[in-house]
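Residue numbers (the numbering used here), protein chains in the order written: chain X, 9 to 383; chain E, 220 to 331; chain H, 41 to 565; chain A, 48 to 155.
Take these hints with a grain of salt, some might be off.
Under 7 angstroms between C-beta atoms, here's a sample of chain E residues computed to sit facing chain A [what the hints assert, rightly or not]:
#	residue
1	230
2	233
3	256
4	283
Which chain A residues face chain H? A few, computed with CB under 7 angstroms, are given here [what the hints assert, rightly or not]:
#	residue
5	57
6	112
7	138
Just so you know, these hints were derived from the structure itself, not from any lab. All residues carry an ideal CB built from backbone N, CA and C; glycine is no exception.
Each chain, written out:
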Amino acid sequence: MKTSAEVVIVGGGIIGCATAYYLAKRGVDVIVLEGSDHIGNGGSSRNGGGVRQSGRDVRELPLVMYGIKNLWPTLSEELEVDCEYHQDGNLRLGKNDKHKAILTKLANNAKGVGLDVRMIDGDEVRQINPYLSREVTCASWCPTDGHANPLTTTLGFYKMARRLGVTFISGEPVKELRVIRGKIRKVITPNNVYEGENVLVAAGLDSREILTTVGIDIPMTNSLLECLVTEAQPHMFDQMLGTAEADFYGHQTKHGSFVFGGSSGLERYNKDNGMVSNSAMTAPCICRGIMKYFPDLADAKIVRTWAGWMDASQDGVPALGTVDEIPGLFVACAFNGHGFGIAPAVGDQLAELIVTGKTKVDLGDLHYDRYKAKI
Amino acid sequence: MNSVNDRTRDIGPFVPGPDDDMLICRCEEITKGEIRQAVHDGMWTLTEIRRYLRTGMGLCQGQTCSKLVKGIVARELGVSPAELEPATSRVPMRPIEMRVFANEADSNKEGE
Amino acid sequence: MKRYDLIVVGAGPSGLSAAIEAAKKGLKVVVFDENEKPGGQLFKQIHKFFGSKEHRAKVRGFVIGQQLLDEADEAGVKVVLNATVIGLYQDKEVVVKLGGEVVHYKGDAVIIATGAAENMVTFPGWTLPGVIGAGAAQTMMNLHGVLPGKRVLMLGSGNVGLVVSFQLEQCGCEVVALVDAAPRVGGYGVHAAKVARTGVPFYLSHTIVEAEGDECVTGVTIAEVDSSFKFIPGTEKHFDVDTICLAVGLSPMSQLLKMAGCKMEDNPKRGGQVPISDSYGQTSVPGIFVAGDVSGIEEASSAMIEGRMAGNVAAEYLGYIEKDALKEELDTLDKALDGLRQGMFAPSNRGKLIEKTDEGIEVSQSLLKNGYIADEEIERFPGVVRKVGVHPVIECTQNIPCNPCQDACKKGCISIGKNITSLPIVVDGSECINCGMCVANCSGQAIFLVDEDKGDGSAEITLPYEFLPLPEEGTKGFGLGRDGKVVCEAVVTKCRSSKAFDKTHLLTIKVPKEYAMKARFFKVS
Amino acid sequence: MAERIKEHPILGDIKKGEPVKFTFDGKEVMGYEGEPIAAALKAAGLMVHRYTKKEHKPRGIFCAIGRCTDCVMVVDGVPNVRTCITPLTAGMEVKTQYGVSDKPFEEQ
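Build the full structure now, drawing on both the sequences and the hints.
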């Protein structure tokens, strides 16, 4: 089995797979180590599929805008898999003045960095999506947002990376990194020791424990996010949806089913029993949330629910890029539950960074060392 | 289960079979050929197959086809079906209307 | 949150048995079942069960179902129907869909007794309307009173395939063929024999090439397979049918256990994915137990005992009985379960080719290949003897756990002995009074009363008959051999029905005396 | 094609609810109240419940106990209703399901 490469990537989620793919495209030799048995088994397969710019922090906006402009439109062709990418806009819904204030602030911030997003009233909302209830009184509307299928996209990156010669090894949980002669070098699992000239840690929440072994700490905590999916329904709409208070978010898939995520308010305090499992009170809560916005969906049947641990950082944006103090080490974690839409751009730019030392999009605001005490 | 799985292991080329158009997943209408091809695309676990193709993600949630899919994937990989872990079972066990799921009974009342 | 000492999921034979046992020990018990009617598969089982008295032998499945329900009621068990358990969450939280709402319950102990699901097999056309599971056929005919089809091909010669074939014929369907890819009949020989003698042809080492039809099934082609299950060209056979019934085994329905975080294993001997559990049903999660088919595919009789075991273990777990009392209960139940797990069909013998009975008699090869015992084989079995006057002929040729026949005869003509799986013998010097109790009580319908020579060149044969209409005295017809083919002319001389016979009617036919040991069924001309 | 069992040798008379009328694709059909919709359709000789979304292939009863979901139809306007476990009531509008709609594919 191959144990050394130019780049060893820790984490076989969409970030790891996309970076591996874009590296392999640039002719780089890569090993990807996935801790679980399955590729894309964390947040990559447990999210609502948003490919969104609006609602994001301005520090990560340039990166996601880059991806939506340059990568998403041709991704299905490139990966030879149907990513089910739809660019039909994002409605972030509000029901009252408080919501309007939240949405307006987000929209103004985004406009400041050149995103086409504006506030619209309830009637205009229902012109765009006639199924929404009268309770909706305002929304932010970003026509260039959309959604895609996280499962096929993640596995598509994996498939193509593998086809280009990337070595993927699953069931290999990384326990330790080692600096050798002042440079990152060894990646240690219970079964093997791998070596790379460069190492990228993109292991979601587990990144913290792994990076700790070389003295790097990225403050993250976990939070249980849950989703549900309905049976296939006749086609209703193509927009991505969210709400000011994050009661729920989601979209109708190409298959016809609706995928909705949401929360109970207790997600930061939930536990698991050794496997990620849903809390009994969340799905009913999400259903109640959705039905207020979409009364017509009350008869739709839920066929599945799932949960996933989110890697939440203190400021809600990822830690991304070079770890200056350890030559050869790179990080990409703390995506805070919205890592899917940004993933192609992250993969592409990280690949560029690893190969050339530079990026097209400035990653300075996402530097791993930015966390400071409040006073 | 968690066993080291080197995805570069040679499982041989995809060889078209005479029954590749046999429907396996009745709900999502996925054929044997699609499942076999997915294995050659690198989908080596039942969870990956399911996420890639939607087998077992339809209305019945895999209650009809999961054993069939398992057999096909195992054969393609040259392993025993018992070595493949089934995809996770998820709530709800049966399709349930959103309005019913949303309607939680008062947990203190005498519920039947 | 609403809390019970014990929540049982599934009101089938194991779930109800567990609930009864636990409630008798003082636990507050609720049973949830998603179906409209309780009893699991019992209410679809209309044949008499095997085993001995303690296993409720010779009682029909649906009657056992009713008995369990009555016992559950008496013990104070709350059985909630139309109650779909949609999830088993952490902390033994059971979420149930009840009508238009979901209710959350906590159980200090939870017993999962969700039974099994049918396996499927693919062939071109397997998704056509008219291709159904054997369970679906049972549900349609025995619960809803609707014929599953008119002309049916059955795939699968295990007990389910055999029993359902017989049930299909009982409600008036024609079973045109019983097909199995295996080279030998998988189920009990007595079940096969009672189907074969009605004229159903068996095609072992055959399987379905294709189901035909555009909108629904109109026909089927089968062909012989070689030892690696490949079709042998030129062996195709076509049947016009409207229904194809699949009875190709069961798998444990263990999803709830996996969901609850119980450690699982794939165990082919138990039929698939099962929770890792000790022999009394304790899983890897303390307080979560399993019983019945969900922990490994067996018969309803053993499911009932497993249920009682789990119920007792749960009672001890929650302190309602002491360890000593538990041990006593389990010792008794262990013995009862051991009794059922003996003989040729014991779980430990699964997949083994058994050539001789425990008594050292060669097993009938014709029974395994054709579904019936050949005329030249039958007389080597100890229940088949020639005598003057009326006497029982017991065509029970495999070691199966069943002994009601020996209790049925008040004159002591039949003996099985201590070992429940031994072949029954006709006791030397005993005197048959032609009461017919043995014929009616044999769950395998394998006992006949024969008077080999009536003195006028004829013989009289009394056989079990569970079909309608009942032929009246004087009805003329044909005697059919064990292979279901016409062997002679026959006339009905008597038709006895009695409450004690429990709907097995005793048809006496008169045939030429050379057919006394050959004719085993009657067909109206 | 199929029909009802008039008298069963072991079960005798199978208890049924009141006879009721319902419609199948607009045509009047008789059934018994409380029996599964699928049983009433089967007794009336109606085999095809739906046509699948991708391949437009016919499907009908398969498991009859609510697991396989092959027998789903549009009942009173709601798609994906498992007819094998949904009790029949008088006046129900039962329609063939095409994909997830009651409109034939050429009208979708």
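Query raised in the report: Against chain H, with CB atoms and a cut of 7 angstroms, does the hint on residue 138 of chain A hold up?
Result: Violated, because the Cβ-Cβ distance from residue 138 of chain A to chain H comes to roughly 20 angstroms (cut-off 7 angstroms).
Report task. Classify the hint on residue 57 of chain A as holds or violated, based on whether any CB of chain H lies nearer than 7 angstroms to its CB. Result -> With a minimum Cβ separation of about 5 angstroms from chain H (threshold 7 angstroms), the hint on residue 57 of chain A holds.
Query raised in the report: At a threshold of 7 angstroms, is the proposed contact between residue 256 of chain E and chain A supported by beta-carbon distances?
Result: Violated: closest Cβ of chain A sits about 17 angstroms from residue 256 of chain E, beyond 7 angstroms.
Query - Interface hint compliance - residue 112 of chain A to chain H, C-beta minimum distance less than 7 angstroms - result: Holds - the Cβ of residue 112 of chain A comes within 7 angstroms of chain H, reaching about 6 angstroms at its closest.
Query - Supplied contact hint for residue 230 of chain E, tested at 7 angstroms Cβ to chain A - result: violated, 28 angstroms
Report task. Return the status of the interface hint for residue 233 of chain E: holds when the least beta-carbon distance to chain A is below 7 angstroms, violated otherwise. Result -> violated, 22 angstroms
Query raised in the report: Do the numbers back the hint for residue 283 of chain E, that is, is its least Cβ distance to chain A under 7 angstroms?
Result: holds, 5 angstroms
Going down the numbered hints, you'll see the structure goes against 1, 2, 3 and 7, while the others check out.
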